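*Asks:* Just so you know, the protein sequences line up as chains A and B, in that order. Using the UniProt record's numbering, you'd call the opening residue of the first sequence number 1 and step up by one each time. Using the UniProt record's numbering, you'd call the opening residue of the second sequence number 1 and step up by one each time.
No lab work stands behind these hints, which were simulated from the structure alone. Just so we're clear, the structure is a prediction, and the values are computed from it rather than from any experiment. A portion of the hints provided could be inaccurate.
[Claimed, not checked] No more than 16 Å apart at the CA atoms, straight line, and that leaves these computed lysine to aspartate or glutamate pairs for EDC-like:
id	chain 1	residue 1	chain 2	residue 2
1	A	Lys130	B	Glu199
2	B	Lys10	B	Glu65
3	B	Lys10	B	Asp179
4	A	Lys289	B	Glu65
5	B	Lys214	B	Glu65
6	B	Lys243	B	Glu232
7	A	Lys66	B	Glu65
8	B	Lys10	B	Asp105
9	A	Lys202	B	Glu65
10	B	Lys10	B	Asp183
11	A	Lys227	A	Asp181
12	A	Lys66	B	Asp114
13	B	Lys203	B	Asp86
14	B	Lys10	B	Asp87
15	B	Lys32	B	Asp52
16	B	Lys32	B	Asp147
17	A	Lys289	A	Glu192
18	B	Lys10	B	Glu181
19	A	Lys130	B	Asp87
20	A	Lys186	B	Asp87
21	A	Lys218	B	Asp52
22	B	Lys10	B	Glu104
23	B	Lys186	B	Asp176
[To be verified] Label-pair restraints from in silico Cβ distances:
id	chain 1	residue 1	chain 2	residue 2	range
24	A	Gly198	B	Glu232	38 to 44 Å
25	A	Pro61	B	Pro198	51 to 57 Å
26	B	Ser44	A	Pro3	23 to 29 Å
27	B	Leu75	A	Leu262	52 to 58 Å
[Unchecked claim] Stretch-level coverage of chain B by chain A, calculated; a stretch enters the list once three of its residues show a Cβ under 8 Å from a Cβ in chain A:
id	segment
28	44 to 55
29	58 to 71
30	75 to 83
31	94 to 102
32	116 to 122
33	192 to 205
The beta carbon of each residue, even a glycine, is placed where N, CA and C say it ideally should be.
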Amino acid sequence: MHPAPSIILFTVLSGLGFGLLFWLGLGFPPVTGFSAFAFFTIAYLLAIGGLISSTFHLGNPQRALKAFTQWQTSWLSREAWLSVFALTFMGLYAIGAVFFATRIAPLGWIGSALALATVYATSMIYGQLKTVPRWNQPTTPALFLMLSLAGGALLAGQVTYALILITLSGVLQGAVWYLGDTRFAKSGTTMETATGLGTIGKVTAFEPPHTGNNYLLKEMVHVVGRKHSQKLRIIAITLMAILPIILLLLPFSHTLGALAALSHLAGVLTSRWLFFAEAEHVIGLYYGKREST
Amino acid sequence: MTQLPTHTEKKLGLVIDLDTCVGCHACVVSCKGWNTENYGAPLSDQDPYGADPTGTFLNRVHSYEVQPNQGVAQLIHFPKSCLHCDDAPCVTVCPTGASYKRVEDGIVLVNESDCIGCGLCAWACPYGAREMDSDQGVMKKCTLCVDRIYNENLPEEDRQPACVRTCPSNARHFGDLADSESDVSKLVAERGGIDLMPEQGTKPVNKYLPPRPKDTWDQIDILAPLLDPVAEEPKGFLGWLDKTLEKL
Ligand code: SF4
Ligand code: SF4
Ligand code: SF4
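Chain A on its own, in the form it takes in the complex (with noise of 0.2 Å):
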């Protein structure tokens, strides 16, 4: 699948401010008063700035409510009014303890909740998607909600929570790269049964539709080298997990813990990348355009 940058950015900056605000809920750590304004803003810029950038890859954004409608079936339209919940109860959570030192400590607790719930409405939108099997599988939402805890507690400053969560996404992270590479050939889709031609015999593509370039291609055909993918991955890892649990096991100090937050969301933008980047749609075997087998 094409990497947009505006996607990227927006499930992992709204992933990282939904996380902040599920600690912030459950009262890690307790603020009140300016300390919790300037963690809430912190919180409320990453989450909505995420939101924002979303529209920018829609080819008409002035028709974005429209998307509340179809809740039902849609996972995007649950993403949309499960983040308004999320933020509306969170709002009402951070005046009490902005404006009148109280933390009002169920609606934080619902607060959380609702923002965990869109984080995995987000990955839903990818998991759900038979055509993409790679992201077809319990991984993909176990990820999202994983590094939005991990990046959460960073943020929030609970060291030993972000140190337990961080490896434990290193580790999934892992898992995640390992099932992920065998997911197409068990999806059991190929070229013979997308042509319906394996009954004749092996099918290879002669002619393309269309010499040049179109919207499918661009959007969903889109192939990474294994050499170059094997690279990302490490440097992936290394800065989301590896670099950052050494940083924050070392003494404490709020450089190393600004340096461990920033390199573990340069590690999680560069594990987005991939996920966009290594996912392979279906389509690319009408257009013989598979990197593997």
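Model the placement of chain B with the ligands on the given structure of chain A, informed by the hints.
*Replies:* Okay, now just chain B with the ligands, sitting in the frame of chain A:
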């Protein structure tokens, strides 16, 4: 509404004959022609006469080479447009309700004034049947020529999809696949029509008729000895001419 109807009264669709398609792309052109001037936003082209032309099409023709275990390879032309799936994943993912499947005839359409151009439906379609128009930012797909098939302003013989009407080798057929007595249903039964990517669970309405088995070679063998070249090397006068000309 992006909830799929549990039942459609008719299942209008196409039956595409891979045996007779000659790969002329006439259906591609007629589809683009009709649908640029009629239903919804025109099918735009970008840089049409330049170095890197692209454009929106609702129907495209691939060509495949198929190598059987024995015998020669076959070249098969493969037209592909929306299959108007019964269990259309492109409809349920749509956040705005722009994509829908009609209860009365099963046609899958996009209401362009509701479409935000998020592209999710094109991601959900396994067949590459939806293309975003980069000029208007809305999703385009085959309408089964809904503005022809019921159009009383057209002479009766023209009330069928443009691609079907145009095809010079009769490789595209239009009809109701829910009616087992219809011509298309009979054709599917007779020729063993198949679904594309059945494992994706989309239950496509359009069917493909596989190529008929090829003739075998032994009939040719009877005459083959007589067709052997008589002389490998030219002799006599011709041989002399050959050599002389080569020396020049
Ligand atoms: S072919 Fe694709 S666009 Fe057409 S109904 Fe099926 S899934 Fe939807
Ligand atoms: S591109 Fe348009 S029709 Fe397709 S899912 Fe988005 S809003 Fe619906
Ligand atoms: S039915 Fe109409 S819109 Fe669909 S492929 Fe044929 S000509 Fe194009």
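*Asks:* Take the hints in turn and mark each one as holding or not.
*Replies:* Structure-based check of each hint:
1. A:Lys130 to B:Glu199: 10 Å, holds
2. B:Lys10 to B:Glu65: 35 Å, violated
3. B:Lys10 to B:Asp179: Cα-Cα ~7 Å, so holds.
4. A:Lys289 to B:Glu65: Measuring from Cα to Cα gives roughly 15 Å; hence the hint holds.
5. B:Lys214 to B:Glu65: Answer holds: Lys214 (chain B) to Glu65 (chain B) is near 15 Å, not above 16 Å.
6. B:Lys243 to B:Glu232: At roughly 15 Å apart (the allowed maximum being 16 Å), Glu232 (chain B) and Lys243 (chain B) satisfy the hint.
7. A:Lys66 to B:Glu65: 45 Å, violated
8. B:Lys10 to B:Asp105: Judged against 16 Å, a Cα distance of about 4 Å means the pair holds.
9. A:Lys202 to B:Glu65: 8 Å, holds
10. B:Lys10 to B:Asp183: 14 Å, holds
11. A:Lys227 to A:Asp181: Cα-Cα ~14 Å, so holds.
12. A:Lys66 to B:Asp114: Roughly 7 Å between the alpha carbons, so the hint for Lys66 (chain A) and Asp114 (chain B) holds.
13. B:Lys203 to B:Asp86: 5 Å, holds
14. B:Lys10 to B:Asp87: With a Cα-Cα distance of about 15 Å, the restraint between Lys10 (chain B) and Asp87 (chain B) holds, given a limit of 16 Å.
15. B:Lys32 to B:Asp52: 19 Å, violated
16. B:Lys32 to B:Asp147: This hinted pair holds, its Cα atoms lying about 14 Å apart.
17. A:Lys289 to A:Glu192: 14 Å, holds
18. B:Lys10 to B:Glu181: Roughly 13 Å between the alpha carbons, so the hint for Lys10 (chain B) and Glu181 (chain B) holds.
19. A:Lys130 to B:Asp87: 13 Å, holds
20. A:Lys186 to B:Asp87: Judged against 16 Å, a Cα distance of about 22 Å means the pair is violated.
21. A:Lys218 to B:Asp52: 13 Å, holds
22. B:Lys10 to B:Glu104: Distance ~6 Å between Lys10 (chain B) and Glu104 (chain B) Cα, so the pair holds.
23. B:Lys186 to B:Asp176: Holds, at about 11 Å.
24. A:Gly198 to B:Glu232: 38 to 44 Å: The hinted range 38 to 44 Å holds for Gly198 (chain A) and Glu232 (chain B), with Cβ atoms some 43 Å apart.
25. A:Pro61 to B:Pro198: 51 to 57 Å: 37 Å, violated
26. B:Ser44 to A:Pro3: 23 to 29 Å: With a Cβ separation near 25 Å, Ser44 (chain B) and Pro3 (chain A) satisfy 23 to 29 Å, so the hint holds.
27. B:Leu75 to A:Leu262: 52 to 58 Å: Given range 52 to 58 Å: holds, Cβ gap about 56 Å.
28. 44 to 55: Satisfied; 4 residues make the cut.
29. 58 to 71: holds (count 10)
30. 75 to 83: holds (count 4)
31. 94 to 102: holds (count 5)
32. 116 to 122: holds (count 6)
33. 192 to 205: Since 8 is at least three, the answer is holds.
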